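K.L.:
Residue 116 in my numbering sits at position 116 of the sequence shown, with consecutive numbering throughout.
The reader is advised that the hints may include incorrect statements.
[As the list claims (entries may be wrong)] Have a look at the derived ranges for each label pair, beta carbon to beta carbon:
#, residue 1, residue 2, range
1, A62, L90, 40 to 46 Å
2, E84, R109, 21 to 27 Å
3, D76, D24, 19 to 25 Å
4, S108, Q52, 43 to 49 Å
5, K105, D76, 17 to 23 Å
6, T104, S23, 38 to 44 Å
Hints were generated in silico from the structure; no laboratory data involved.
What you are looking at is a predicted structure, and each value in this text was computed from that prediction instead of being measured.
Here a beta-carbon is modelled for each residue, glycine too, at the ideal position from N, C-alpha and C.
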Amino acid sequence: MSEIDRPKEKNEFEVWVDSLDVSDVKKQFLIAYKTLYGNIAASCRVVHVVRQTFYNWKVDDANFMAALEQIEPEEDFMDALEGELRKKALIDKDTTMQIFMAKTKMKSRGYIEGREHIMGASNIEVKITPAKKEGE
1 MSEIDRPKEK
11 NEFEVWVDSL
21 DVSDVKKQFL
31 IAYKTLYGNI
41 AASCRVVHVV
51 RQTFYNWKVD
61 DANFMAALEQ
71 IEPEEDFMDA
81 LEGELRKKAL
91 IDKDTTMQIF
101 MAKTKMKSRG
111 YIEGREHIMG
121 ASNIEVKITP
131 AKKEGE
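Produce the complete structure using the sequences and hints provided.
P.N.:
In structure tokens form, the structure reads like this:
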């Protein structure tokens, strides 16, 4: 069997969706919803329903609503974006992205810019400011 003829293997999420007690169109919507990071309008277009149909499903179908609540599109989006940022910094060697990642992900190692306000365990505010140069 060639690559073209071979059916695509389902991932763990698609297997879970297949096990749900909802219609096929709702299953397709759930897969689109996860793939499109929670974009309702785009997910509706994929399954050829209007947005109101989605809202009706949420109200009328407890199984659909329960499945929808299990999907975390914001987390998936942030994970995907963070992966792209890392790729740009590490593989593409984008200097601007490397600086950005250092400032946002490596504060504990001293990569900070300007003024940072840190609240300690004793709730004492510590201000860290750039050192003054001689003659200032």
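K.L.:
Hints first: check each against the structure and report whether it holds.
P.N.:
Cross-check of the supplied hints:
1. Evaluation of the 40 to 46 Å hint for A62 and L90 yields a pass: the beta carbon distance comes to about 44 Å.
2. Range check, E84 to R109: Cβ separation about 23 Å, and the 21 to 27 Å hint holds.
3. The hinted window of 19 to 25 Å between D76 and D24 holds, with their beta carbons roughly 23 Å apart.
4. Checked against the given bound of 43 to 49 Å, the beta carbons of S108 and Q52, roughly 48 Å apart, stay inside it.
5. Range check, K105 to D76: about 19 Å between beta-carbon atoms, so the 17 to 23 Å window is met.
6. In this structure the supplied range 38 to 44 Å holds for T104 paired with S23, their Cβ-Cβ distance being about 43 Å.
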